[in-house]
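Q: For reference, the chains in residue letters:
Protein chains: 2
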Amino acid sequence: MSERVGIAILGAGIFAKEAHLPAIQAAGDKVVLRAVYSRSEGSAGTFAAFAQSTLNIDVPFYHDGGDPTKSLDSLLAREDIAAVIVVLPINTQPEIIVKALKAGKHVLSEKPVARDVASALKLIKTYEEEYKPKGLIWRVAENFEVEPGYLFAKKVIADGEIGKLQYFNLSLVAFVDESSKWYQTPWRTKPEYQGGFLLDGGVHFTALLRTILPSPITEVSAFASLNKAILAPHDTINAILRCADGTHGIWELSFGSPSSTRGALNATSITGTEGWIQIGNTQKDGKTHIKVDVHKGDETKTTVLPSCGVEKELEHFLELLGGRDEGFGEPRSVLKDVAFIEAALNSEGNLIKL
Amino acid sequence: MSERVGIAILGAGIFAKEAHLPAIQAAGDKVVLRAVYSRSEGSAGTFAAFAQSTLNIDVPFYHDGGDPTKSLDSLLAREDIAAVIVVLPINTQPEIIVKALKAGKHVLSEKPVARDVASALKLIKTYEEEYKPKGLIWRVAENFEVEPGYLFAKKVIADGEIGKLQYFNLSLVAFVDESSKWYQTPWRTKPEYQGGFLLDGGVHFTALLRTILPSPITEVSAFASLNKAILAPHDTINAILRCADGTHGIWELSFGSPSSTRGALNATSITGTEGWIQIGNTQKDGKTHIKVDVHKGDETKTTVLPSCGVEKELEHFLELLGGRDEGFGEPRSVLKDVAFIEAALNSEGNLIKL
Chain U
1 MSERVGIAIL GAGIFAKEAH LPAIQAAGDK VVLRAVYSRS EGSAGTFAAF AQSTLNIDVP
61 FYHDGGDPTK SLDSLLARED IAAVIVVLPI NTQPEIIVKA LKAGKHVLSE KPVARDVASA
121 LKLIKTYEEE YKPKGLIWRV AENFEVEPGY LFAKKVIADG EIGKLQYFNL SLVAFVDESS
181 KWYQTPWRTK PEYQGGFLLD GGVHFTALLR TILPSPITEV SAFASLNKAI LAPHDTINAI
241 LRCADGTHGI WELSFGSPSS TRGALNATSI TGTEGWIQIG NTQKDGKTHI KVDVHKGDET
301 KTTVLPSCGV EKELEHFLEL LGGRDEGFGE PRSVLKDVAF IEAALNSEGN LIKL
Chain D
1 MSERVGIAIL GAGIFAKEAH LPAIQAAGDK VVLRAVYSRS EGSAGTFAAF AQSTLNIDVP
61 FYHDGGDPTK SLDSLLARED IAAVIVVLPI NTQPEIIVKA LKAGKHVLSE KPVARDVASA
121 LKLIKTYEEE YKPKGLIWRV AENFEVEPGY LFAKKVIADG EIGKLQYFNL SLVAFVDESS
181 KWYQTPWRTK PEYQGGFLLD GGVHFTALLR TILPSPITEV SAFASLNKAI LAPHDTINAI
241 LRCADGTHGI WELSFGSPSS TRGALNATSI TGTEGWIQIG NTQKDGKTHI KVDVHKGDET
301 KTTVLPSCGV EKELEHFLEL LGGRDEGFGE PRSVLKDVAF IEAALNSEGN LIKL
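In order, the protein sequence lines correspond to chains U and D.
Sequential numbering of the first sequence, starting at 1, is according to our numbering.
Sequential numbering of the second sequence, starting at 1, is according to our numbering.
Hints were generated in silico from the structure; no laboratory data involved.
Incorrect hints may have been included.
What the hints assert, rightly or not - For each label pair, taking beta carbons as the anchor points, the in silico distance ranges come out as:
#1 T282(D) <-> G280(U): 17 to 27 Å
#2 A158(U) <-> N281(D): 30 to 40 Å
#3 T288(U) <-> T303(D): 52 to 62 Å
#4 T288(U) <-> E299(D): 51 to 61 Å
#5 A232(D) <-> E192(U): 17 to 27 Å
#6 E128(U) <-> K291(D): 24 to 34 Å
For glycine and all other residues, C-beta sits at the position ideal for the given N, C-alpha and C.
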C-alpha cells in the first residue's frame with residue numbers, strides 16, 4: 001500500500017463537518033487528517049471535538065487566537081501535511097489558497113473558484129505561473145462534476161440512448177429563511193459577493209449541465225431579481241442558454257421561494273430525438289440518492305445511485321496526487337460556472353457570449 | 001326573451017365540429033345556427049350530417065362546389081344571419097373575415113388573429129377604418145381569455161392572495177406525430193405561416209399569461225428550433241420574458257417531444273411573496289377541467305372548474321352583440337400573442353421589446 005496522504009482542513013464550518021469529514025473517513029487508509037484550522041479558536045476546537053466523537057480521530061486544531069504554535073503558518077509549516085482542503089468563506093479563499101500553495105501544499109478548495117471572473121482569473125494566473133510549474137496541484141471541489149448519478153446521465157447521453165439532443169430544462173426553486181443553517185453562516189447572511197446564494201449554490205447547477213451536456217454552453221440571456229430582502233443582492237435567475245452544438249435550454253434558479261412546497265415542481269430534464277431523461281434527488285435508506293429516469297416511447301428505466309460527490313472529489317484529488325488525472329475540478333473548467341452566473345446576473349435580457 | 005341571433009359557421013373542420021358546435025348548443029335559445037360553409041362540398045355536408053345526428057339540428061350547407069345558390073356569397077347575403085364564426089386555415093381567415101364584414105356580418109374568428117404582426121395590423125386597420133364605424137363587431141376567439149379556471153387564477157392574484165408577484169414558469173411540451181388529428185389537417189401538415197404549431201397552439205399560452213398576470217409582458221428573449229422534421233418550420237421555443245412591473249418568467253413550449261411521457265413535467269406556476277399558484281388541466285367525469293392550486297406556507301387550496309372557454313367566448317360575443325362589452329377577444333389584445341410568438345421565433349437570444 002502507498003503512503004497515506006497527510007491533509008488538513010482549513011475551515012471548520014457546516015460543510016467541512018458534514019461533508020468533508022465523512023469523505024475523509026470514507027477515503028480510508030489513503031488519507032489521514034492531520035489538522036484543522038479556523039480563524040476562531042472555538043470553531044476549530046468544536047470541529048476537533050466533533051471529529052473525536054464521531055470518527056474517533058484526534059485532530060490538532062489551529063486558529064488565529066494568538067498562540068504562534070497554533071497559527072495557520074505553523075500548520076502550513078508542518079512537513080507531514082501534503083495537502084489542504086479549503087472550506088472557507090468565498091471572499092477569504094483566494095488568499096488562503098495562495099498562502100497554502102506558497103507553503104508548498106497541494107490544494108483542494110471549495111467552489112466557487114472565486115467571487116467573480118476577474119478574481120478567479122487573477123488567482124488562476126498566479127497558480128499557473130508560480131505554483132503549477134513547481135508541480136503543485138490546485139483543484140476546485142465541485143462535487144456535481146463527479147457525482148456518479150450525473151456521470152451516469154452523461155453516459156446515457158453520450159451513448160446516444162436518447163438520440164440527438166434537442167432542449168433541456170433545469171428548474172430549482174428553494175426555500176431559504178432566517179432559520180436556515182446555511183443562511184445563519186455570517187458570511188452568507190450578508191454576502192459580500194455577487195448573487196448571494198445564486199453564486200454559492202448556483203455554480204453547482206451550471207456544473208451539472210456542464211458535466212452532462214456534450215457541448216459547452218456558449219450563450220446566455222437572463223433576468224435576475226431579488227424577491228426576499230434577506231437574500232440580497234439577488235435570489236432568482238430566469239435564463240435561456242445555448243450550447244455550441246445548437247442545443248438550447250432553460251435554467252431557473254431561485255432561493256426566494258415563499259414556501260418550501262414550490263420545490264415540488266423542481267426538475268431537470270434533457271430531451272433528445274429518441275427519448276428524454278429526468279434527473280433528480282430521492283431519499284433511500286435515509287440518504288440522498290440521485291435518480292435518473294430514461295424515457296423512451298412509453299417506457300421508463302430508472303437508475304438510483306447514492307449521492308457521494310464529495311467523497312468522489314476527494315478520491316479523484318488523491319488519485320491526482322498519485323499521478324492519475326481525469327481533469328475533474330480544473331480551475332479553468334469551474335471558472336465557467338462563475339462566468340455563467342456573472343453573465344446571468346448582468347444580462348438584463350441581453351445575449352451574452354460566454 | 002330577446003330574439004335569437006342567427007349565425008353561420010365558416011369552416012367545417014375538427015374544431016368547428018368538436019368545440020364550436022357544442023358551444024352553440026350550450027348557448028341555447030340565445031343563438032340559432034343557420035348555415036355552415038366549407039370550401040369542400042364534402043366537408044360542409046359531413047358537418048351538416050354531424051350536426052343533424054348529434055344535436056338534431058338541420059343546417060343548410062354552403063361550399064365552393066359550383067352551385068351559386070350554395071356559395072359563400074349566397075350565405076353572406078342571407079338576412080337571417082347576423083354573425084359568422086370563422087374557423088378556417090390561418091392564411092385563409094383574413095380574406096373571409098373582410099368578406100363577411102363587407103356583407104354586414106359581425107365576426108368571431110378563430111385565433112391567431114393573423115399569420116404575423118404585419119398581416120394582423122393590416123386586417124385590424126381595415127376593420128377599424130371601414131367596418132367598426134358602421135357598428136360591426138369583430139372579435140377573435142381566444143378561449144383561454146375567458147376560461148373560468150384562468151379567470152379564477154387571475155382573481156387570486158389580483159386579490160393579493162399570493163402577495164406581490166415575483167416570477168412565473170410556464171412549461172408545455174407536447175407530443176405530435178403523423179397520426180395526430182391536428183397534424184393531419186392539410187394546412188397544418190405543411191404550414192405556410194411562421195412557427196407552425198407554435199403559432200397555432202402557442203398563442204393560447206401567451207394569452208394565458210396575458211390573462212392572468214396583472215402587468216403586460218413587454219420584453220422577451222428566446223431561442224427557437226426545429227427538432228422534428230415533420231413539424232417545420234419550428235417546433236420549440238425556450239424564452240424568458242419580463243412584464244412592465246418587473247415580474248419575469250420562463251416560457252417553454254415544444255411540440256417536438258419524442259415521447260408523450262415528457263408531458264409529465266408540464267406545469268404553469270406563478271410565485272409571489274406570500275405564496276404561489278399552480279395551474280393545470282385535470283380530467284373529471286370524462287371532461288377536461290382547469291385545476292388551480294393556491295399554495296401558502298404548507299397549505300394548499302385546490303379549485304377545479306370545468307373547461308368551457310369556447311362556450312364562454314361565444315356567450316361573451318353574443319352579449320357584445322347585445323351591447324355589453326367586457327373587452328374579450330379585442331383584435332389589438334390578441335395581436336400581442338402573435339407579436340410574442342413572432343418575437344420569440346426571431347429573437348436568437350436577443351432582447352426584443354414588445
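Q: Taking the hints in turn, state whether each one holds.
A: To see whether the hints hold, each was checked on the structure:
Taking the beta carbon of each, T282(D) and G280(U) are about 23 Å apart, inside 17 to 27 Å as hinted. About 36 Å separates the C-beta atoms of A158(U) and N281(D), a value consistent with the hinted range of 30 to 40 Å. At roughly 35 Å, the beta-carbon separation of T288(U) and T303(D) lies outside the given 52 to 62 Å, and the hint is violated. Against the hinted window of 51 to 61 Å, the Cβ-Cβ separation of T288(U) and E299(D) comes to about 27 Å, which falls outside the hint.
Range check, A232(D) to E192(U): about 51 Å between beta-carbon atoms, so the 17 to 27 Å window is missed. The hint said 24 to 34 Å for the Cβ distance between E128(U) and K291(D), and at roughly 56 Å that hint is violated.
Hint compliance for this structure: hints 3, 4, 5 and 6 are not met, and every other hint is.
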